[in-house]
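Top to bottom, those sequences are chains A and B.
Residue numbers for the first sequence follow the numbering used here, beginning at 1 and rising by one.
Residue numbers for the second sequence follow the numbering used here, beginning at 1 and rising by one.
I should point out that these hints are in silico values taken from the structure, not numbers from a laboratory.
A few of these clues could be false.
DSSO-like, lysine-lysine: derived pairs with alpha carbons at most 30 Å apart [said to hold, decoys possible]:
#: 1; chain 1: A; residue 1: Lys93; chain 2: B; residue 2: Lys48
#: 2; chain 1: B; residue 1: Lys187; chain 2: A; residue 2: Lys93
#: 3; chain 1: B; residue 1: Lys119; chain 2: B; residue 2: Lys178
#: 4; chain 1: B; residue 1: Lys305; chain 2: A; residue 2: Lys126
#: 5; chain 1: B; residue 1: Lys46; chain 2: B; residue 2: Lys175
#: 6; chain 1: B; residue 1: Lys105; chain 2: B; residue 2: Lys119
#: 7; chain 1: A; residue 1: Lys93; chain 2: B; residue 2: Lys169
#: 8; chain 1: B; residue 1: Lys48; chain 2: B; residue 2: Lys128
Some residues of chain B that are not near chain A, with every Cβ distance over 12 Å (derived) [unchecked claim]:
#: 9; residue: Gln10
#: 10; residue: Ile54
#: 11; residue: Asn61
#: 12; residue: Asp77
#: 13; residue: Asp104
#: 14; residue: Asn120
#: 15; residue: Gly133
#: 16; residue: Arg163
#: 17; residue: Ile195
#: 18; residue: Asp244
#: 19; residue: Lys252
From a predicted model like this one, the values you see are computed outputs, not experimental measurements.
Don't be surprised by glycine CBs; every beta carbon is placed ideally from N, CA and C.
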Amino acid sequence: MLELKHISFNVSDDKGEKDILKDISLTVEDGKFLVITGPNGGGKSTLAKVIMGIEKPTGGQIIWNGQDITNLSITERAKLGIGYAFQHPPRFKGLSGRDLLSLAHGSTLPEDQCCMYLTQVGLCSKDYLNRQVDNSLSGGEIKRIEIATLMARDLSLAIYDEPEAGIDLWSFNMLVESFKGISKTRKESMIIISHQERIMKIADEIAVVADGYVKEIGPREDIFPKLMSEFDNSCTFR
Amino acid sequence: MNKTDLHMLQAVADLHGIPQGAYNIRKNGEGFDRQSTENIIIEPKKDKPGIDIIVKPDTKNESVHIPVIITEAGVEDLVYNDFFIGDNADVLIVAGCGIHNSGDKKSEHDGIHRFHIGKNARIKYVEKHYGEGEGTGERVLNPVTEIYMDENSYCEMESVQIRGVDSTKRDTIAKLEKGARLVVLEKLMTHGNQIAHSDMVVELNGEDASSQIISRSVAKDKSEQVFYPRAVGNAKCRAHVQCDSIIMDDAKIRSIPEIAANHWDANIVHEAAIGRINNDQLLKLQTLGKTEEEAEEIIINCFLK
Numbered sequence: 001m002l003e004l005k006h007i008s009f010n011v012s013d014d015k016g017e018k019d020i021l022k023d024i025s026l027t028v029e030d031g032k033f034l035v036i037t038g039p040n041g042g043g044k045s046t047l048a049k050v051i052m053g054i055e056k057p058t059g060g061q062i063i064w065n066g067q068d069i070t071n072l073s074i075t076e077r078a079k080l081g082i083g084y085a086f087q088h089p090p091r092f093k094g095l096s097g098r099d100l101l102s103l104a105h106g107s108t109l110p111e112d113q114c115c116m117y118l119t120q121v122g123l124c125s126k127d128y129l130n131r132q133v134d135n136s137l138s139g140g141e142i143k144r145i146e147i148a149t150l151m152a153r154d155l156s157l158a159i160y161d162e163p164e165a166g167i168d169l170w171s172f173n174m175l176v177e178s179f180k181g182i183s184k185t186r187k188e189s190m191i192i193i194s195h196q197e198r199i200m201k202i203a204d205e206i207a208v209v210a211d212g213y214v215k216e217i218g219p220r221e222d223i224f225p226k227l228m229s230e231f232d233n234s235c236t237f238r
Numbered sequence: 001m002n003k004t005d006l007h008m009l010q011a012v013a014d015l016h017g018i019p020q021g022a023y024n025i026r027k028n029g030e031g032f033d034r035q036s037t038e039n040i041i042i043e044p045k046k047d048k049p050g051i052d053i054i055v056k057p058d059t060k061n062e063s064v065h066i067p068v069i070i071t072e073a074g075v076e077d078l079v080y081n082d083f084f085i086g087d088n089a090d091v092l093i094v095a096g097c098g099i100h101n102s103g104d105k106k107s108e109h110d111g112i113h114r115f116h117i118g119k120n121a122r123i124k125y126v127e128k129h130y131g132e133g134e135g136t137g138e139r140v141l142n143p144v145t146e147i148y149m150d151e152n153s154y155c156e157m158e159s160v161q162i163r164g165v166d167s168t169k170r171d172t173i174a175k176l177e178k179g180a181r182l183v184v185l186e187k188l189m190t191h192g193n194q195i196a197h198s199d200m201v202v203e204l205n206g207e208d209a210s211s212q213i214i215s216r217s218v219a220k221d222k223s224e225q226v227f228y229p230r231a232v233g234n235a236k237c238r239a240h241v242q243c244d245s246i247i248m249d250d251a252k253i254r255s256i257p258e259i260a261a262n263h264w265d266a267n268i269v270h271e272a273a274i275g276r277i278n279n280d281q282l283l284k285l286q287t288l289g290k291t292e293e294e295a296e297e298i299i300i301n302c303f304l305k
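If we strip away everything but chain A, and leave its shape as in the complex, we get:
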């Protein structure tokens, strides 16, 4: 179980201090699938990075299965079974799709297993096994491989930062099916930062993060209809 207790995060520059996260508290139960949504600039991606350890919170506590992990490094959190898919994944010269998936898995992955993960994210697997994950890949391709790296891991908590960004409609449909499959068959908890209605529709819970706070959190059945009516009636989330 993941518990965030009064998480705050601020940055300072020439113009002074800016609070990105003001006071975030939420809980993700084991095996639950939480979608975090909200307007751009509201702190969603920062929150995902704080959970992974990429950003250190200015205040508050992160508790993972009863252990305070607030001061643990990224590597230590990864070893506890927490994974994170980048919104803008880095590219690696000389590293093949298979190498990257094997690194994610922790040992050399058999070809058929690599193919399975690549197919799940809508890639024709044979083309990408030996292809380098460098600048020759399009934004959508690298994004899909990024998502596959999380599927190749044995995780207890998977965090995806806007997995839909840069992915074409056909692959998006496939991705939604994959997330549906993961939430049904796997035991891992999932947090997906997303603006997509179709991803929200398959979540167990939805949290709305805006202006550094959790504005609302609750079961999908309660939050989703409210969000939809707000979409229709105002431009809050546009």
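Since the structure of chain A is provided, determine the placement of chain B on it from the hints.
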């Protein structure tokens, strides 16, 4: 051969003993062992140190290994090796030099390699340089490579220097006739106070000649690297020069790719980039459970693969 010899042979030529096929092993400035085959003749030069390697026309799927090992301090070795590759031949040539210097005097090997590649012939030439030893004596390697390519010939040259060479000055020239294709892949890592300098001139003289030059390097500590690859198009031709370097610590890198066209239908492109390891790459590998140091090693190894 003793343990050090075998270790050096493995480091520079991936050999675990005496190779199959034609070979010439040179140790501490002298010929150590040599074998010719029916199609590949190796003979010592009469007028200066070095060997002639003659590959008969139409020789296919054979290999030549010509490793050089230096295991004594104070050896200064200069050799001239000429390769005559017959028309339509297709061979693998593995060269390389390893210096194990435990003394306080400089050990140096300067190999001057000339390739005369016949019509429609194909070669893959692999050259590895490696240095080690606990002594303070410098380990110096200054290779010169000249490649003369006849019509429709193909040459793939891979040069690798990953560790232990204090100073290297590499000069490469290539002249390509009609339809010839040259692919050069240069991989280099320097550390400590090492200095590496690579000059290359590729002249594309015949119609439809083409070349691809890729240089990948990593400079660590206080090491210095200079790359100066030049592609000159004297006919309708294509060439692509790419220099890509990772810089770390207090290292210095200069990269000066130069392209020149002396024909209206020459198509030559260059790219050069120097930068440190991308922070997101390190973060990504950390999210996969690697430490920062492990992540750095993975990134460098892949980059130089």
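Each hint tested on the structure:
| no. | hint | result |
| --- | --- | --- |
| 1 | Lys93(A) to Lys48(B) | violated, 43 Å |
| 2 | Lys187(B) to Lys93(A) | holds, 13 Å |
| 3 | Lys119(B) to Lys178(B) | holds, 10 Å |
| 4 | Lys305(B) to Lys126(A) | holds, 21 Å |
| 5 | Lys46(B) to Lys175(B) | holds, 27 Å |
| 6 | Lys105(B) to Lys119(B) | violated, 45 Å |
| 7 | Lys93(A) to Lys169(B) | holds, 26 Å |
| 8 | Lys48(B) to Lys128(B) | holds, 24 Å |
| 9 | Gln10 | holds, 23 Å |
| 10 | Ile54 | holds, 37 Å |
| 11 | Asn61 | holds, 24 Å |
| 12 | Asp77 | holds, 33 Å |
| 13 | Asp104 | holds, 38 Å |
| 14 | Asn120 | holds, 29 Å |
| 15 | Gly133 | holds, 29 Å |
| 16 | Arg163 | holds, 18 Å |
| 17 | Ile195 | holds, 25 Å |
| 18 | Asp244 | violated, 7 Å |
| 19 | Lys252 | holds, 21 Å |
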